[in-house]
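**Student:** Here are the chains, one letter per residue:
Number of protein chains: 8
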Amino acid sequence: MDIKALLAQVKSGELDMDTAEQQLKNLPYEDLGYAKIDHHRKLRSGFPEVIFCSGKSMEHLVGIYKSFYDRDDDVLGTRASQAQYEAVAQVVPCVEYDPLSKVLKIHRHPLEQVGLISVCTGGTSDIAVAEEVAQVAEYFGSKVNRVYDVGVAGIHRLFAKLDAIEAANCIVAIAGMEGALAGVLAGLVSKPVIAVPTSIGYGASFGGLSALLTMLNSCAEGVSVVNIDNGFGAGYIATQINKLASK
Amino acid sequence: MDIKALLAQVKSGELDMDTAEQQLKNLPYEDLGYAKIDHHRKLRSGFPEVIFCSGKSMEHLVGIYKSFYDRDDDVLGTRASQAQYEAVAQVVPCVEYDPLSKVLKIHRHPLEQVGLISVCTGGTSDIAVAEEVAQVAEYFGSKVNRVYDVGVAGIHRLFAKLDAIEAANCIVAIAGMEGALAGVLAGLVSKPVIAVPTSIGYGASFGGLSALLTMLNSCAEGVSVVNIDNGFGAGYIATQINKLASK
Amino acid sequence: MDIKALLAQVKSGELDMDTAEQQLKNLPYEDLGYAKIDHHRKLRSGFPEVIFCSGKSMEHLVGIYKSFYDRDDDVLGTRASQAQYEAVAQVVPCVEYDPLSKVLKIHRHPLEQVGLISVCTGGTSDIAVAEEVAQVAEYFGSKVNRVYDVGVAGIHRLFAKLDAIEAANCIVAIAGMEGALAGVLAGLVSKPVIAVPTSIGYGASFGGLSALLTMLNSCAEGVSVVNIDNGFGAGYIATQINKLASK
Amino acid sequence: MDIKALLAQVKSGELDMDTAEQQLKNLPYEDLGYAKIDHHRKLRSGFPEVIFCSGKSMEHLVGIYKSFYDRDDDVLGTRASQAQYEAVAQVVPCVEYDPLSKVLKIHRHPLEQVGLISVCTGGTSDIAVAEEVAQVAEYFGSKVNRVYDVGVAGIHRLFAKLDAIEAANCIVAIAGMEGALAGVLAGLVSKPVIAVPTSIGYGASFGGLSALLTMLNSCAEGVSVVNIDNGFGAGYIATQINKLASK
Amino acid sequence: MDIKALLAQVKSGELDMDTAEQQLKNLPYEDLGYAKIDHHRKLRSGFPEVIFCSGKSMEHLVGIYKSFYDRDDDVLGTRASQAQYEAVAQVVPCVEYDPLSKVLKIHRHPLEQVGLISVCTGGTSDIAVAEEVAQVAEYFGSKVNRVYDVGVAGIHRLFAKLDAIEAANCIVAIAGMEGALAGVLAGLVSKPVIAVPTSIGYGASFGGLSALLTMLNSCAEGVSVVNIDNGFGAGYIATQINKLASK
Amino acid sequence: MDIKALLAQVKSGELDMDTAEQQLKNLPYEDLGYAKIDHHRKLRSGFPEVIFCSGKSMEHLVGIYKSFYDRDDDVLGTRASQAQYEAVAQVVPCVEYDPLSKVLKIHRHPLEQVGLISVCTGGTSDIAVAEEVAQVAEYFGSKVNRVYDVGVAGIHRLFAKLDAIEAANCIVAIAGMEGALAGVLAGLVSKPVIAVPTSIGYGASFGGLSALLTMLNSCAEGVSVVNIDNGFGAGYIATQINKLASK
Amino acid sequence: MDIKALLAQVKSGELDMDTAEQQLKNLPYEDLGYAKIDHHRKLRSGFPEVIFCSGKSMEHLVGIYKSFYDRDDDVLGTRASQAQYEAVAQVVPCVEYDPLSKVLKIHRHPLEQVGLISVCTGGTSDIAVAEEVAQVAEYFGSKVNRVYDVGVAGIHRLFAKLDAIEAANCIVAIAGMEGALAGVLAGLVSKPVIAVPTSIGYGASFGGLSALLTMLNSCAEGVSVVNIDNGFGAGYIATQINKLASK
Amino acid sequence: MDIKALLAQVKSGELDMDTAEQQLKNLPYEDLGYAKIDHHRKLRSGFPEVIFCSGKSMEHLVGIYKSFYDRDDDVLGTRASQAQYEAVAQVVPCVEYDPLSKVLKIHRHPLEQVGLISVCTGGTSDIAVAEEVAQVAEYFGSKVNRVYDVGVAGIHRLFAKLDAIEAANCIVAIAGMEGALAGVLAGLVSKPVIAVPTSIGYGASFGGLSALLTMLNSCAEGVSVVNIDNGFGAGYIATQINKLASK
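In the order they appear, the protein sequences are chains R, H, B, E, L, V, X and C.
For the first sequence, the working numbering assigns the number 49 to the initial residue and increments by one for each residue that follows.
For the second sequence, the working numbering assigns the number 49 to the initial residue and increments by one for each residue that follows.
For the third sequence, the working numbering assigns the number 49 to the initial residue and increments by one for each residue that follows.
For the fourth sequence, the working numbering assigns the number 49 to the initial residue and increments by one for each residue that follows.
For the fifth sequence, the working numbering assigns the number 49 to the initial residue and increments by one for each residue that follows.
For the sixth sequence, the working numbering assigns the number 49 to the initial residue and increments by one for each residue that follows.
For the seventh sequence, the working numbering assigns the number 49 to the initial residue and increments by one for each residue that follows.
For the eighth sequence, the working numbering assigns the number 49 to the initial residue and increments by one for each residue that follows.
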């Protein structure tokens, strides 16, 4: 909203004061009662809206997707279940679902993909999170290089892929258990590393706490960390960085 | 119990000493063996009795509701399951159940609703807890203003509702994940804010611990906190405050 | 700031558009560079500004107090050290310091004290926190009833004071170690109880964590909790409640 | 085993040296391979053997019960499931099961019950643990006084039962959530209090951690604590104390 | 206080009603303002009053000791510093201090010592806590058998002392680091074991948490646990048990 | 890979530079895309490849086993479910599965078993983890002595087996709850003890944390610890030690 | 190191095989025995070497700075004490020290400063960490915009600075206590936000844990997090991003 | 003690029964009252006695060292302070102290050093712990190869030393902060790796917890872990392994 333009309208009488006051108070979003959908977010941040599906009721979720669909807007949902997909698909036929990454999206206006992000995992069990990273990054307009199962327990696998990894503008390092991949990668490359701890593991991994602490305590420079299993968050900030670098 | 009146009766001989001693020891409640129901609590605190349903056996729970029903007393139960509702409904036909808030109540003598409490959530996933707050507050005699999905990630949604929120005597701020809503609200309004952390989230939210710590460490003045997901507790103390302000 | 009045001024030409835009963006505070002092806070919240002294450099702290002093405003600082007091006193001669509560204040315009708050402690070691509660509440305009050393280990001491405690509009319960005072009090009175866990204790009290968890899990209704040792926060919200009840 | 008697037999030639060495090494127990059953434990400790059923395979559990049954020994198992009961009952027809306390026992030689133990709970949800306490204590030869639902949130219920509680040699205080019952009781009576935190609660009760810490930090003298939900342990040590007092 | 006798006095007119009401409300203690000293506690519990010295101000502590001294009552303080001793000694010349156990006491009327308590430590570093146990037990009238440095790392040292240990009515097992002593002892003896975890250790002992958890999870029957380093609590409950057994 | 030999080939012209560069970068493994199988690991470490089955998709897991099967290589998988076994068995008919230890293996080229490892458990509930230890050790070429249910609560059972335990080159001590077995064993034997905490227990065992801390804080020398329930890790390092001792 | 060039030299005979093997193994660093200084790091990562001063002995630290000084290389040390500065200054006269940020540097070859990073703090107590961020970023070649004391408790202060904050390529948000600044900022701007939790706070802030969890659980997109008080790490990755955006 | 020989003596009359019983009960150690010194430990375990000096009183510590000195036995103490060294040196002139490792020893009968242990650190700040490892290993008869400052942040430093590291029978990996060194090393070598987390770090390293969890969750096979900063424990078990391999 352009405050100055609005004030000009008030001065000129184009806009009455009550309406202006209202507009100053109510920035534009659609109020569904149970949810307030931010259709102008795309203008503000340059990215389409995103929905955290987990825990939302069927009625609420379907209503939200329908609102986007009706305006011909795209939307990407994370942590969607198969059942949620099926419910949404009944009213939004074009919705797409990937059961591995649990991404549920309306994607009729794909963005051009630019730059490059390397998405690396320590093991094969981390691939579900990695696919959330990769698909979010692709949705928001990044090219992605997937490099899976290159954990530090067999470090020669990592070295074999190092040139390809470093070719990106930003690297996402995804690992559970000990979570050492992020720090080792950051010591080998000169690009920012976004670290994603995963909840893969057992016992003293404490649901991903071990990998989280490892990544936060990385001795190598150039690492910052998102929440455990937060593939979406990593894909988003990696795209922000990739786009800054691709201007 | 009025100790002085009792002593007067002893002195006058109206009351024999053994009975007096007994009454001094046994304040009035109904002993079901497995439970001690406090029918005089309403006199003492001004609020009807409340039941924490979760974990109680069917037999015990039905017995407790029947005891209130038989005396034509109202009672509100929290965290009741659908199965508990169905069992109670067989012997107490007038019992009401809301599956979202999990409130199970006998409500034949509604209190007049006074004052105003604003019940705000950060997201749509927090609504189940918020409804427990709102329905408890309404049951105990407060008017309630529901303001849902106004979390700090899109802070213009909050500003648009600020005047309506602050019109209340007490504000309940309900949020999971980072839990920043309570502190931001308290910085914007001049009314006491009761903060309810929720267990919505994943990974390093640690079942609501993250939101709990955020709220306890709020830099803004005028915040105090109840247990994670404790909608009942927030609705109760908010009503105490609202009634003090509405006298 | 009254948005409507401002818009009226714009319309009438009293205010040019650039100035109006500026005012809409910059709410009034004084920018010292290292700190942004909110002299209008009093208008907004009804309470004077408060300073968290711990960890601030001498230069910054003295500068802040001087700013208030120069405008003849009152200010209350918490967690101030003896050394901080002495440094401030050199440029602000009227500053007052209490070494027990660590309150450091300029207090030339005392508010009228209304209503009543009961400030209760479990033991004598909790008195330092209790005095922070009491002095903050008095500074902001509450009458205070101090009831110290009435912990549940010798519960007859608590019963002897119960009538005096309940005479208040709001009760602050301060306890370390097991922290049971808040829950027991809330079961006995009908006023809201603000619970303050303290770090008094050793071993499995884990710096106040034990008392904090006890208070958050209180079975009695009408308890909400502030941070460990946060006497200021309790005194503030108790005063908000007390003033609502004293209107 | 009487070492001196054994040595005398060696000296006299009654016992050959190899056998003696074997006996010195192998104190008497029955080795089932997967389990080593201690049939002489009763002699050593004065109490029959006890089995922790949870997590044991059907084959192992049935084998263990059969071993006791075949020797006409009694045995008490804790945390047994309905399925485990049914499997054991097929080969040990006289086995008895209580689904509330989850106690599974062969009880053909009941001990005489002496003295008195008071078993108190804060709420009705704590009764499952309380019954484990009570039935273990009775099995090992204690009289038991059950006093349920006397938590501190309605402290007059506790006072009404105080004389009956204190008549025992040892008091077991069982509570979840805030867990304040143990400390309040210990402040009111002069008998040792064994505190049992329960996992009843939610949110910041952290599976019983809150009640555990409360009880460990009790300000009142005369409290010691067993593991969360450990009704067996409390029933056992309470009986040890009760028997010492009943000599 | 004998309620029945009081009621009889009211009936007969010996006692006026206002006085009776007052007595029913105010059980006898001395109110120093900052502390409420319980001079009748000895009658109620059979044990003299105890003071937790740590964290009390000099003025308060000296006042409390003087109050006992003036009434010719004994008192035992725990966790007293050398400085506190010196301050108290100036006004209470007969006060005694042991710098190892940090016990500070007025002890002019020693109780007769009965029965026996065994006080065992895992290592020599646990002796400070053990002496608090032993001296508290002796002060309250128990005979004590000290058995130090018999930890499980060299288990033959423990076996050599086993007969002497088991001769007691109650055993106190004190250990830091892994804290296994309590469980091993309980498996070898048939008397109740009060376990005291100590903060001796480093790294993953986390200030005694490791030993605390070990003791709470003891597989052997007959163990209950007090707070980390809580020698006083262990000495107190061990004496309660010892006296019950010595009747 | 022999770098010097490769360089010699480059110099002599046997190997062209591009190929050499490639080989220096790509150490030999098979890239399945989702997994990078290290068929040369056996040469490097002397042990065949191992697969962590838990959390892998059926498609990935079957593909990995098929890859080994097709090359006639052995492979051992841990934490495999019954369903995973059935899926793999459809394409790899010779695969073997043990539902107790959850080991899933192709084992056509058994290694000769040398030396001796003692695998000891505190209780019968720890046997599942113990069997993972034992079967991994046997698979990698160690003889194994199983000694189950010798926990410290009945320490005479342990002493009866001590000579047999100490006959090994390395001892694995497996225990849940208090976890004291490792420390007690290390105090009695002179061989290295690998400690495995298990998640057996409840309440304050916190999923094995209690046993883990106990073992890390062991006062006896010669203990080191692996992750909670990590039978594989213990079997592996015990075999490394056993083989060093058996050379 | 260019592997292909090296191989060419081997082939041509310019380089003998032993030397080549050595170079492949020993990448260039200077071995001081106690430390291995990486003088070629600048080539590899584009950034000069950095030293973590805290905990290093005087002798080691002085030796390391002298090594850089002697080669006329720049170096930046973090968390240096005043005493360390004085010791280094005796042999490296040109070393510069800032006692607020604790940065100790040799800075004879300043890099050109490009782009822009906004460094924001919640309070004035966070300025020490913020200065580490800012000075590290400036040292590595970024322009910096300092925006201090704009925490969410008085959110109008933040809005007044929003345009200036968003003008940067990357934003660093530094806050203790509740730590909500990062999430609120990320909801308002479209640039990546690097969040730095600080240890400012008390009680349930648990040394910065509260702020750390808040930031990890941020609901707004575009936040990633470094270790508590890790100003250096934030300054480094922010500069990586800023330089990518400034190309 | 040879039980069979003892029994033979009893049978033959060489040994009377009382003495035999005594010997069976009292394995040989010297009882100083406050400590029980195990002079025969060397026979049992093959290693001399070790003393944990931290927390012992001067009087006790000096007495213990004197006891060894008087018998001409060697002894090694860990975590000794400078003051403890000076006190012991006054009565035991030959005692040796290293202020870096804090080892205090009587070392008149050095053992022959055999085999090889590699002691590796991630950084220079870990050297104090590493020296405790190395000096303990040397004292007990191992050759040691020190490889310091080879952390994974600059992994080429590690590769340059890999051949030398792997030449040992056992590798000790010492690291703080993220603690990734142990897992990376174990992936590269085929020898058992004993991991020592250190308390070096700040913030979310939580006193070494981060490194501890990383090491426990190592994905590479062949890692086991000792307590945080427990250089002694690592040196001891590494020597046990080294000696088994050197037979």
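It should be emphasised that the hints constitute simulated quantities derived from the structure, not laboratory data.
Among the hints, erroneous ones may be present.
[Stated by the list, open to error] Taking lysine to any residue pairs in the SDA-like style, the calculated list, with each CA pair at most 20 Å apart, reads: (1) V:Lys-59 to X:Met-65; (2) B:Lys-209 to E:Val-140; (3) H:Lys-59 to L:Gln-138; (4) V:Lys-209 to L:Phe-207; (5) R:Lys-295 to X:Leu-164; (6) H:Lys-295 to H:Gly-189; (7) B:Lys-59 to R:Asp-66; (8) R:Lys-59 to B:Ser-60; (9) X:Lys-295 to R:Ser-294; (10) L:Lys-59 to H:Gly-61; (11) H:Lys-295 to B:Glu-107.
**Student:** If a hint holds in the structure, say so; if it doesn't, say that too.
**Tutor:** Results for each hint:
no., hint, verdict
1, V:Lys-59 to X:Met-65, "holds, 8 Å"
2, B:Lys-209 to E:Val-140, "violated, 60 Å"
3, H:Lys-59 to L:Gln-138, "violated, 52 Å"
4, V:Lys-209 to L:Phe-207, "holds, 18 Å"
5, R:Lys-295 to X:Leu-164, "holds, 16 Å"
6, H:Lys-295 to H:Gly-189, "holds, 13 Å"
7, B:Lys-59 to R:Asp-66, "holds, 12 Å"
8, R:Lys-59 to B:Ser-60, "holds, 8 Å"
9, X:Lys-295 to R:Ser-294, "holds, 9 Å"
10, L:Lys-59 to H:Gly-61, "holds, 8 Å"
11, H:Lys-295 to B:Glu-107, "violated, 48 Å"
Of the numbered hints given earlier, the model fails hints 2, 3, 11; all others are met.
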